[in-house]
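Put chain B on the given structure of chain A with help from the hints.
Just so you know, the sequences run in chain order A and B.
First residue of the first sequence: 0, per numbering that gives the first Met the number 0; consecutive thereafter.
First residue of the second sequence: 0, per numbering that gives the first Met the number 0; consecutive thereafter.
Rather than coming from a laboratory, the hints here were simulated on the basis of the structure.
Please note that a few of the clues may not be correct.
Examples of chain B residues toward chain A, derived with CB under 8 Å [as the list claims (entries may be wrong)]:
1) Arg-1
2) Leu-2
3) Gly-135
4) Ala-153
5) Thr-254
Glycine included, C-beta positions come from ideal geometry on N, C-alpha and C.
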Amino acid sequence: MLQIPMWKRVLIWSICALALLFAIPNLFYDRVERHNDAVAMIEAGQGDAAMQDARAAWPSFLPSFLVNLGLDLRGGAHLLAEVRVSEVYADRIDGMWPSVRDRLRDDRDVVGAVRRIPSDDPGELRVRITNTDAIDEAASFVRELAQPTQSISGFSQARDLEVRVEGEDIVVTLSEAERVATDERTMRLSLEIIRRRVDEAGTREPTIQRQGSDRILIQVPGIGSAEELKELIGTTARLTFHPVVNVTSNPDQVPEPRQVIYPSIDEPGSYYILEQTPVVTGEQLVDAQPGMDQNNRPAVNFRFNPAGGRAFGIYTAENIGNPFAIVLDGEVISAPVIQSHIPGGSGIITGRFTVEETSQLAVLLRAGALPAEMDFLEERTVGPELGQDSIDAGRIAAMVAMVAVLGFMLASYGIFGIIANIALLLNISMIFALLSLIGATLTLPGIAGIVLTIGMAVDATVLIFERIREEMRTAKGPARAIELGYDKALSAILDANITTFITALILFAMGSGPVRGFAITLGLGILTSVFTALMVTRLMMVIYFERRRPKTLVI
Amino acid sequence: MRLKLVPQDTSVDFFRHWKTTFGGSVVAMVLSIVAFAVMGLNFGIDFRGGTSIRTEAQAPVDIGEYRAAIMPLGFGDVAITEVFDPAFGADRHVAMVRIQAQEGTEAITTEQISAVRDALQGLDPTLTFAAVDSVGPKVSGELIQSAIISVVLALAAVLFYIWLRFEWQFSVGAVAALVHDIVLTIGIFSVLQIRFDLAIIAALLTIVGYSLNDTVVVFDRVRENLIKYKKRPLKEVLTVSINETLSRTVMTSVTTLLALLALFILGGDVIRGFVFAMIWGVIVGTYSSVFVASAVLLRLGVKRDWSKNSGDTAGTQFGVKES
Chain A
0 MLQIPMWKRV
10 LIWSICALAL
20 LFAIPNLFYD
30 RVERHNDAVA
40 MIEAGQGDAA
50 MQDARAAWPS
60 FLPSFLVNLG
70 LDLRGGAHLL
80 AEVRVSEVYA
90 DRIDGMWPSV
100 RDRLRDDRDV
110 VGAVRRIPSD
120 DPGELRVRIT
130 NTDAIDEAAS
140 FVRELAQPTQ
150 SISGFSQARD
160 LEVRVEGEDI
170 VVTLSEAERV
180 ATDERTMRLS
190 LEIIRRRVDE
200 AGTREPTIQR
210 QGSDRILIQV
220 PGIGSAEELK
230 ELIGTTARLT
240 FHPVVNVTSN
250 PDQVPEPRQV
260 IYPSIDEPGS
270 YYILEQTPVV
280 TGEQLVDAQP
290 GMDQNNRPAV
300 NFRFNPAGGR
310 AFGIYTAENI
320 GNPFAIVLDG
330 EVISAPVIQS
340 HIPGGSGIIT
350 GRFTVEETSQ
360 LAVLLRAGAL
370 PAEMDFLEER
380 TVGPELGQDS
390 IDAGRIAAMV
400 AMVAVLGFML
410 ASYGIFGIIA
420 NIALLLNISM
430 IFALLSLIGA
440 TLTLPGIAGI
450 VLTIGMAVDA
460 TVLIFERIRE
470 EMRTAKGPAR
480 AIELGYDKAL
490 SAILDANITT
500 FITALILFAM
510 GSGPVRGFAI
520 TLGLGILTSV
530 FTALMVTRLM
540 MVIYFERRRP
550 KTLVI
Chain B
0 MRLKLVPQDT
10 SVDFFRHWKT
20 TFGGSVVAMV
30 LSIVAFAVMG
40 LNFGIDFRGG
50 TSIRTEAQAP
60 VDIGEYRAAI
70 MPLGFGDVAI
80 TEVFDPAFGA
90 DRHVAMVRIQ
100 AQEGTEAITT
110 EQISAVRDAL
120 QGLDPTLTFA
130 AVDSVGPKVS
140 GELIQSAIIS
150 VVLALAAVLF
160 YIWLRFEWQF
170 SVGAVAALVH
180 DIVLTIGIFS
190 VLQIRFDLAI
200 IAALLTIVGY
210 SLNDTVVVFD
220 RVRENLIKYK
230 KRPLKEVLTV
240 SINETLSRTV
250 MTSVTTLLAL
260 LALFILGGDV
270 IRGFVFAMIW
280 GVIVGTYSSV
290 FVASAVLLRL
300 GVKRDWSKNS
310 GDTAGTQFGV
320 KES
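Excised from the complex, chain A in its bound form:
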């Protein structure tokens, strides 16, 4: 007969109570959000009186988990960037040239003179020797330079360089294993640097995630536009210092091998021909701060680490009176003439900067250069007003939907409609409680998912009620009818919900962004509605039955 053991009753009511408790903060969203912000600030030691008030506005004994609002509701920017990982190979291989040259020169009597041949593929180093008979021997000398590949799992058997002979040339490239390891490092460094830059800009709760092998997803709520975000993270900020060979006004002039031609930022129409290999690079910077130069123009002060400072000191001592170019991302910022030996490892970058530009540049230099350029594959911006409109519209729609469904159920099932309605309200609370607990993100399609759940959640209850109604005709007494109703509806409820749950799972696995948000609310809605239909309504039916002992049921 209709019996539910006491422990089970307690358990069911406890789950419902917990759901209500954890759903409540979402009703006071602004207040709880300010409370959470204040708690974080006070923990960071920045609490003032206003913070204390904000913290006190929400009692600390209540849970303060909130549903995250997606970018389409809160407003903000979303970028999907692809890192040009193969750019790094060229730098690595280029950096090998001095060691290759020195190694071959050690055996000059065997290989003869050594020179580098320009190559169409920037990812390879081509070397030619005069004593072509010894080419295989020379290749084996170069091979000695190869190091074990460094991967995340430590050192492996694989070597980082591949050396082969092609006709008269010795060709050096990165090995396959090294490329994989390099990609991995490039991605981790890019992620780290983007994170530092976004954090320096001080926005709240940014999402910076790696996607697939060479992509990065960046979501920053509250930022005005994706353009702003792109300016912050789209700049490589690769700072290099090169010896100047010549200045020209012809942009098409072909530089000598191992030289490059870069435009000047300040003087349009003038181009610098520079040595390709830099003396020092921004990687050796330890600090950069906005400041002023001696003429009170905005400038950036910087300091090198010891190794960079030493290289810079030696170079400036040897080249007094020669110009020297400061290059940022392929453009010459300035090319001062070296006045004296600069031993301390610190310096200043001047140019036609505004104060904002110097502070931006200082941020970028401090955070470090991105190891490679990025292409933006996808960008989305939602203005904060549009987000607020969507929240308001979603809230009103959800309430109207709820009232309509509650009214319809009450009209159709009377007292049992009330049971169904309580179950529905508990169901919605459970969805919000779960969303808050797992820190899921609520998007606009997610709200649609909840509204759809409001409609579909009653399905399981309706199945049960209709079944009880049928069983009343044949069964012996209402207690038996209720029991049979639940038993026989179970199969249909499970089959129907498992199939829908399968589609929610597939949506979650395959979808991205808003679609995934929808899949989460739909999937959670299915779980909670099965629970409320099978457990909560049953418990309420039993309690009703125990109190009233009705001779017949009018469902």
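Showing chain B alone in chain A's frame:
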């Protein structure tokens, strides 16, 4: 007084005109495919790449002027549509500007967006960009691919699950109904030229879920009645089963439609296309579970002996305790 949409005992003969209803479904599917082939879908930037900008201004939108302002920038094909919503006040005018994917760049560049903004603000200084979405051809290709894969995967998973729980004939019936729903939904999107974007794929899969929900409830009853009425013809068993579940089918459809209608009217224009797809899906899905899924089952015939010893091979049932 209780509200009763469906009387207590119904005995509607759903298969009396099965040739008309099933034929009607087939014709509707063919028309949908023709519409899709001739008119195509109005793909959003998620699937074709490009940039879509939502503008908000106080002055009324003049599509011709907008176009004249943007065309000189040389972005190629520009589509401008005005957006209406009852929630907009008299001085709020919203338009969607869509620019095709640009040669050589993946997403739109900062300069290009600024150029469009400057051009449009020249017409109306109050104009702002409420949202900008830009998807490169690389990603849009992948999005199409994963959308198609997810729909096919969902269908395959469902086919498999129903085959496991029932019999293969049920599986075929259910999937026929699902294909029917998806084709008709794509058809209506093609005829009405409603924007078809990533969210609509989510709606399609929800329709799959909902329609299936309905079909499974009917099938569950069919299975039960096949055991109960061993000697009655299949057609009668199907009719009885549909009639027995009719009240529940109508109740659930009405509650779901009530919720969706509230969202359609009040939920704002951003998700209206998405909600429209779901409303259409609920109507078509309810229809198809009776007139397509069960009709297919009737044509295919089904195993009649569901007694214990032979029932082990297929069709396990959850927790039905026979007293």
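Results of checking the hints against the structure:
1. A cut of 8 Å between beta carbons decides the hint on B:Arg-1: the least distance to chain A is about 6 Å, and the hint holds.
2. Against a cut-off of 8 Å between C-beta atoms, the interface hint on B:Leu-2 holds, since the closest Cβ of chain A lies about 4 Å away.
3. Here the hint on B:Gly-135 is kept, as its CB sits about 4 Å from the closest CB of chain A, short of 8 Å.
4. Because the closest C-beta pair between B:Ala-153 and chain A is about 5 Å apart, less than 8 Å, the hint holds.
5. A hinted interface residue such as B:Thr-254 counts as satisfied when its beta carbon comes closer than 8 Å to some beta carbon of chain A; here the least separation is about 5 Å, so the hint holds.
The structure shown violates none of the earlier numbered hints.
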